[in-house]
Amino acid sequence: MVNNVSITNTSEFEGTLSTHLSQAKPVYTLFYGSWCPDCTAGRLRMISYSLTYQAEPHVKKVFEGKDVTLITATVERSEYRGNSEYPYRKNAQVQLKCVPTLLAWKNGSPVKRLEEGELLNDQKIEDLIKSSQ
Numbered sequence: 001m002v003n004n005v006s007i008t009n010t011s012e013f014e015g016t017l018s019t020h021l022s023q024a025k026p027v028y029t030l031f032y033g034s035w036c037p038d039c040t041a042g043r044l045r046m047i048s049y050s051l052t053y054q055a056e057p058h059v060k061k062v063f064e065g066k067d068v069t070l071i072t073a074t075v076e077r078s079e080y081r082g083n084s085e086y087p088y089r090k091n092a093q094v095q096l097k098c099v100p101t102l103l104a105w106k107n108g109s110p111v112k113r114l115e116e117g118e119l120l121n122d123q124k125i126e127d128l129i130k131s132s133q
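All residue numbers for the sequence shown refer to the UniProt record's numbering, where the first residue is 1 and numbers rise by one.
A hint or two may mislead.
In silico EDC-like cross-links for lysine to aspartate or glutamate, where the CA-CA straight-line distance does not exceed 20 Å [claimed, not checked]:
hint	residue 1	residue 2
1	124	14
2	124	85
3	97	76
4	60	115
5	66	14
6	106	67
7	60	118
8	106	14
9	112	122
10	97	67
11	130	85
12	106	127
13	130	64
14	90	67
15	124	64
16	112	14
17	97	79
18	25	64
19	97	85
20	90	14
21	97	56
22	25	67
23	61	14
24	130	115
25	106	126
26	124	76
27	61	85
28	97	14
29	61	122
30	130	76
31	61	79
Label pairs and their in silico Cβ distance ranges [unchecked claim]:
hint	residue 1	residue 2	range
32	19	117	15 to 23 Å
33	115	6	30 to 38 Å
34	67	108	29 to 37 Å
35	3	76	38 to 46 Å
36	24	82	38 to 46 Å
37	77	117	13 to 21 Å
38	76	15	26 to 34 Å
39	67	90	30 to 38 Å
40	3	126	12 to 20 Å
I should point out that these hints are in silico values taken from the structure, not numbers from a laboratory.
Each residue gets a CB set at the ideal place from its N, CA and C atoms; glycine is no exception.
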């Protein structure tokens with residue numbers, strides 16, 4: 001069964017990750033935001049908006065029934081956008097470049113990453129899961 005853990009504050013990340021990495025279950029982190037990227041009006045805006053909202057439930061669906069920990073970390077647009085000092089960007093292991101991003105962890109380090117549209121591909125998510133077991 002999936003152990004879903006939510007983080008809403010970047011200051012919680014290190015401790016939460018450390019706690020779960022010390023356990024026997026594989027650990028994955030999903031970085032996402034409830035906002036859409038800056039796009040022009042119309043269809044492009046809706047596609048971007050849709051991707052952000054589809055990634056989280058889609059990833060959770062693929063993880064259903066697996067004995068893993070999925071840490072979902074909220075990325076606040078006002079803090080993230082244009083801020084090179086944003087904690088997830090500066091974190092040597094995370095190095096967040098875009099949202100959404102999914103990381104697989106093994107032996108205390110990330111071993112595989114999926115970004116943006118890759119998170120809507122079941123096979124890529126399954127491959128990521130296999131890479132950390």
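Here is how each hint holds up against the structure:
Taking the CA atoms of residue 124 and residue 14, the gap is about 26 Å. The hint is violated against a cut of 20 Å. A threshold of 20 Å between alpha carbons decides the hint, and for residue 124 with residue 85 the separation of about 30 Å lies outside it, so the pair is violated. At most 20 Å may separate the alpha-carbon atoms for a hinted pair to count; residue 97 and residue 76 meet this at roughly 14 Å. Restraint check for residue 60 and residue 115: satisfied, since their Cα atoms lie roughly 15 Å apart, inside the 20 Å limit.
For the hint linking residue 66 to residue 14, the alpha-carbon distance of about 24 Å lies beyond 20 Å, and the restraint is violated. The suggested pairing of residue 106 with residue 67 holds, with an alpha-carbon distance near 15 Å, which does not exceed 20 Å. This hinted pair checks out: residue 60 and residue 118 have alpha carbons roughly 14 Å apart, not beyond 20 Å. Pair hint residue 106 plus residue 14 holds up; C-alpha atoms about 15 Å apart against a cutoff of 20 Å.
A C-alpha spacing of about 15 Å is found between residue 112 and residue 122, which places the hinted pair at or below 20 Å, so the restraint holds. Only pairs whose Cα atoms come within 20 Å are accepted, and residue 97 paired with residue 67 is rejected, the gap being roughly 28 Å. Taken as a hint, the residue 130 and residue 85 pair is broken in the structure, with Cα atoms around 32 Å apart against an allowance of 20 Å. Between the alpha carbons of residue 106 and residue 127 the distance comes to roughly 14 Å, so the proposed pair stays at or under 20 Å and holds.
Taken as a hint, the residue 130 and residue 64 pair is honoured in the structure, with Cα atoms around 15 Å apart against an allowance of 20 Å. With a C-alpha separation of about 30 Å, the suggested pair residue 90 and residue 67 falls outside the 20 Å cut-off, and the hint is violated. Using a Cα cut-off of 20 Å, the hinted pair residue 124 and residue 64 holds, with the two alpha carbons roughly 15 Å apart. With a CA separation close to 18 Å, the supplied pair residue 112 and residue 14 stays within the 20 Å bound.
For the given pair, residue 97 sits about 14 Å from residue 79 by alpha-carbon distance, which is consistent with the 20 Å threshold. Distance hint between residue 25 and residue 64 is fulfilled; the C-alpha atoms sit about 14 Å from each other, no more than 20 Å. As the CA atoms of residue 97 and residue 85 are separated by approximately 12 Å, the hinted pair is consistent with the 20 Å bound. Under the criterion of a C-alpha separation no larger than 20 Å, the hint pairing residue 90 with residue 14 is consistent with the structure, at around 13 Å.
The straight-line distance between the Cα atoms of residue 97 and residue 56 is roughly 17 Å, inside the 20 Å bound, and the hint therefore holds. Of the pairs offered as hints, the one joining residue 25 and residue 67 holds, with about 7 Å between alpha carbons and a cut-off of 20 Å not exceeded. Of the supplied pair hints, the one linking residue 61 and residue 14 is violated, its CA atoms being roughly 26 Å apart against a limit of 20 Å. Using a Cα cut-off of 20 Å, the hinted pair residue 130 and residue 115 holds, with the two alpha carbons roughly 17 Å apart.
With a C-alpha separation of about 15 Å, the suggested pairing of residue 106 with residue 126 holds against the 20 Å cut-off. For the proposed pair residue 124 and residue 76, the alpha carbon gap of about 26 Å is over 20 Å, so the pair is violated. Taken as a hint, the residue 61 and residue 85 pair is broken in the structure, with Cα atoms around 33 Å apart against an allowance of 20 Å. For the proposed pair residue 97 and residue 14, the alpha carbon gap of about 18 Å is at most 20 Å, so the pair holds.
A distance of roughly 9 Å separates the Cα atoms of residue 61 and residue 122; the hinted pair therefore holds under the 20 Å criterion. For the hint pairing residue 130 with residue 76, the CA-to-CA distance comes to about 30 Å; that exceeds 20 Å, so the pair is violated. Note on residue 61 and residue 79: the hinted pairing is violated, with a Cα-Cα distance of about 29 Å set against a maximum of 20 Å. Taking 15 to 23 Å as the suggested C-beta distance range, the pair residue 19 and residue 117 does not conform, at roughly 31 Å.
Restraint check, residue 115 to residue 6: a C-beta distance of roughly 20 Å breaks the suggested window 30 to 38 Å. For the pair residue 67 and residue 108, the beta carbons lie near 19 Å from each other, so the given range of 29 to 37 Å is not met. The hint said 38 to 46 Å for the Cβ distance between residue 3 and residue 76, and at roughly 24 Å that hint is violated. Range check, residue 24 to residue 82: Cβ separation about 40 Å, and the 38 to 46 Å hint holds.
Hint check: residue 77 to residue 117, Cβ distance near 19 Å, so the stated range 13 to 21 Å holds. Between residue 76 and residue 15 the beta carbons are some 19 Å apart, a value that contradicts the proposed interval 26 to 34 Å. Our hint of 30 to 38 Å for residue 67 and residue 90 holds, since their Cβ atoms are close to 32 Å apart. Distance hint for residue 3 and residue 126: a CB-CB separation of about 19 Å, consistent with the stated range 12 to 20 Å.
In this structure, the hints that do not hold are numbers 1, 2, 5, 10, 11, 14, 23, 26, 27, 30, 31, 32, 33, 34, 35 and 38, in rising order.
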